[in-house]
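Peer 1: Spelled out, the chains give:
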Amino acid sequence: MLPLLKIEWLKIKKYPAFWWMLAIVGLTYPGVNGMTYYGYLKATTGKEITNNLAKMFLGNPFAFPETWHSVAYFSSFFILLPSILVIMLVTNEYTFRTHRQNIIDGWSRAQFITSKLFDVLIVSAIVTIVYFIVAAGFGVYADSTLTHQWTKQLQYIPLFFLQTLAQLSIAFMLGYLIKKAFIALGIFLFYYLVIENIAVGYARFKLNDIGRFLPFEISDRLIPPPVFFSRFGKDAKASYDHALSLIPGHVIYTILLTAATWLICYAVHKKRDL
Amino acid sequence: MFGLLGPNGSGKTTMLSIILDILKADTGSFAWFGLPGAPETRQRIGSLLETPNFYHYLSAVDNLTITSAISSRGNAEDIDRVLEIVKLSERKKSKFSTYSLGMKQRLAIGAALLGDPQVLVFDEPTNGLDPVGIAEIRELIKVLAKRGKTIIMASHLLDEVEKVCTHVAILKRGHLLTAGEVDIVLANEDIVEVSSNNLDQLLSVLEKFPGHTHIKQDGKLVQLFLPVGTARLEEINRFCFEKGITLNLLLVKKKSLETKFLELTND
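Chains as they are written, first to last, in our numbering: chain A, 1 to 274; chain B, 1 to 267.
Everything labelled a hint here was simulated from the structure, so no lab data went into it. For each residue, glycine too, the CB sits at the ideal point set by N, CA and C. Among the clues, some could well be false.
As the list claims (entries may be wrong) - In the SDA-like style, the derived pairs of lysine to any residue whose C-alpha atoms are separated by at most 20 Å in a straight line are:
no., chain 1, residue 1, chain 2, residue 2
1, B, Lys24, A, Gln111
2, B, Lys220, B, Ile245
3, A, Lys6, B, Gly11
4, B, Lys253, B, Asp159
5, A, Lys179, B, Leu23
6, B, Lys95, A, Lys271
7, B, Lys93, A, Ile12
8, B, Lys208, B, Asp218
9, A, Lys270, B, Asp218
10, B, Lys142, B, Leu129
11, B, Lys163, B, Lys208
12, B, Lys163, B, Val182
13, B, Lys146, B, Gly174
14, B, Lys146, B, Gly115
15, A, Lys271, B, Lys253
16, A, Lys179, B, His56
17, A, Lys6, B, Ala69
18, B, Lys92, A, Lys179
19, A, Lys13, B, His56
20, A, Lys270, B, Phe30
21, A, Lys270, B, Gln43
22, B, Lys208, B, Glu235
23, A, Lys271, B, Thr14
24, A, Lys6, B, Phe225
25, B, Lys95, A, Lys270
26, B, Lys24, A, Leu193
27, A, Lys270, B, Glu40
28, A, Lys14, B, Val61
29, B, Lys95, A, Arg97
As the list claims (entries may be wrong) - One side only, chain A facing chain B, incomplete, derived with CB under 7 Å:
no., residue
30, Ile7
31, Lys14
32, Tyr15
33, Phe96
34, Thr98
35, Arg100
36, Gln101
37, Asn102
38, Ile103
39, Asp105
40, Ala110
Based on the provided sequences and hints, a complete structural model is requested.
Peer 2: This is the structure we're talking about:
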């Protein structure tokens, strides 16, 4: 297992696109959360009563411990960035024909897929580290008097990792099955941004929310919109609590879906001509 | 030293792909070292299949590090050794994508040599090399063969197989036409080309020349076919002269290999 990990890390660390992805993620995560934080500040500073009311009701979403949740939620919109890298990492193997060479040189077919699983694990872990640093940074910056609360809501770190892993696994499978980077990326984008959003929205009102079992929505529900989105009105509070209560179930569904994704890849690779 | 010979599309690479577990065979079986094909047996074989397959953004050393890690053949010193053999030491830090076709091919040969494996599989190893490179690689292959390595080499280049192989199999459209020792399968005939002012007379005289297999008129000259190694020009010259014919052309054309190959592979 360890040699496999070492080989994949060598492939990744010398790949310029990896550093580009890391740089863009490193800018995007603070950027998008910073913008939201700025919006929050604007809504809560000022002398008018509404502003103070907003502050009272919202709490500071970027102070500890809410920051773990808020930053995870906003950062997870940008799964697209590491997805590009994951798709490139697998389609590269086809472009360079190294998917054959690795087997010729003595990997089993299963080892090849395991090596790709490591790719996705490595990228997921690195993205999670960036998230962790950004969330912790906002926590300290937003309200340093609350830093003692940093241990609360830490569950969002593994939840963010699981969500990233699950969604990148789907990106991987698309790249693996389609073999062409741009086609895989196009399908991924179109499905992720357009089709599934429409389907989930439609199902929410018409089909008893069955859309929560769609491939990306399953793991999207691991990190529901943060509490300050819903502090206005009783129904909103109820729906937030409902969303929270669904998380444990979705952890299981997500793990099952991700396992199935990889089992399909293993099964296909066992039979496939390379 | 086993040659796999056949025209383009005859199934040479397909066959090598099957025994290296890249393609799944519909029927049939194979064994390496008396064992069925498995990752462990492939690790003991140095292979170059069809094209040099490396990570474009990695250097020669990084690429070979990966090959070495996957195959458990060779180490850092060995990587330097094989790069020296294939003359890429000076460019070992350059990215693969900056290499010329010939350099890529040499790197692939270097990768096959890692860890000095007992068995080597080369699929058209001299593809893309310049004449000097071709000569060098052939020399290298001969040296390896002399050291007792088993080498399986596919090629559509006849003289390549003839020059370096001891055994050969000829494929055509996926079927085995013939297999055996090179000297027997690709048995050459000596062809002597002769010409004189009177071709008809020449033909009728040469018909009586002892020991020939057959005679063919080819434009303004006559081709006399003799069993391999029996063409003695003085005898032919004297024979004709004694019959009153003065030759204006007399030469041995040794390469009937192509003719032989075409005979074998044509319908």
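Peer 1: All hints are to be evaluated individually against the structure, with a verdict given for each.
Peer 2: Here's how the hints hold up against the structure:
1. B:Lys24 - A:Gln111: holds (18 Å)
2. B:Lys220 - B:Ile245: holds (15 Å)
3. A:Lys6 - B:Gly11: Status violated; Cα separation ~36 Å.
4. B:Lys253 - B:Asp159: holds (15 Å)
5. A:Lys179 - B:Leu23: holds (17 Å)
6. B:Lys95 - A:Lys271: violated (33 Å)
7. B:Lys93 - A:Ile12: Judged against 20 Å, a Cα distance of about 17 Å means the pair holds.
8. B:Lys208 - B:Asp218: holds (19 Å)
9. A:Lys270 - B:Asp218: violated (57 Å)
10. B:Lys142 - B:Leu129: holds (17 Å)
11. B:Lys163 - B:Lys208: Outside the cut-off at roughly 35 Å; violated.
12. B:Lys163 - B:Val182: holds (10 Å)
13. B:Lys146 - B:Gly174: Given pair Lys146 of chain B, Gly174 of chain B is violated - Cα atoms ~31 Å apart, limit 20 Å.
14. B:Lys146 - B:Gly115: holds (17 Å)
15. A:Lys271 - B:Lys253: violated (51 Å)
16. A:Lys179 - B:His56: At roughly 17 Å apart (the allowed maximum being 20 Å), His56 of chain B and Lys179 of chain A satisfy the hint.
17. A:Lys6 - B:Ala69: holds (9 Å)
18. B:Lys92 - A:Lys179: Cα-Cα ~30 Å, so violated.
19. A:Lys13 - B:His56: holds (14 Å)
20. A:Lys270 - B:Phe30: holds (18 Å)
21. A:Lys270 - B:Gln43: Answer holds: Lys270 of chain A to Gln43 of chain B is near 19 Å, not above 20 Å.
22. B:Lys208 - B:Glu235: Given that 20 Å is the threshold and the Cα spacing comes to 13 Å, the pair holds.
23. A:Lys271 - B:Thr14: holds (16 Å)
24. A:Lys6 - B:Phe225: It is violated: about 63 Å lies between the C-alpha atoms, which goes past 20 Å.
25. B:Lys95 - A:Lys270: Not OK: Lys95 of chain B and Lys270 of chain A at ~32 Å, beyond 20 Å, violated.
26. B:Lys24 - A:Leu193: The given pair, whose Cα atoms are some 38 Å apart, is violated under the 20 Å limit.
27. A:Lys270 - B:Glu40: holds (17 Å)
28. A:Lys14 - B:Val61: holds (12 Å)
29. B:Lys95 - A:Arg97: holds (17 Å)
30. Ile7: holds (5 Å)
31. Lys14: holds (6 Å)
32. Tyr15: This hint holds: Tyr15 of chain A lies near chain B, its Cβ roughly 6 Å from the closest one there, short of 7 Å.
33. Phe96: holds (6 Å)
34. Thr98: The hint holds - Thr98 of chain A has a Cβ within 7 Å of chain B, the shortest such distance being about 5 Å.
35. Arg100: Constraint on Arg100 of chain A satisfied, holds at 5 Å.
36. Gln101: Cβ of Gln101 of chain A sits 4 Å from chain B, so the hint holds.
37. Asn102: holds (6 Å)
38. Ile103: With a minimum Cβ separation of about 6 Å from chain B (threshold 7 Å), the hint on Ile103 of chain A holds.
39. Asp105: holds (4 Å)
40. Ala110: violated (9 Å)
In the structure shown, a violation is registered for the earlier hints numbered 3, 6, 9, 11, 13, 15, 18, 24, 25, 26 and 40, in ascending order.
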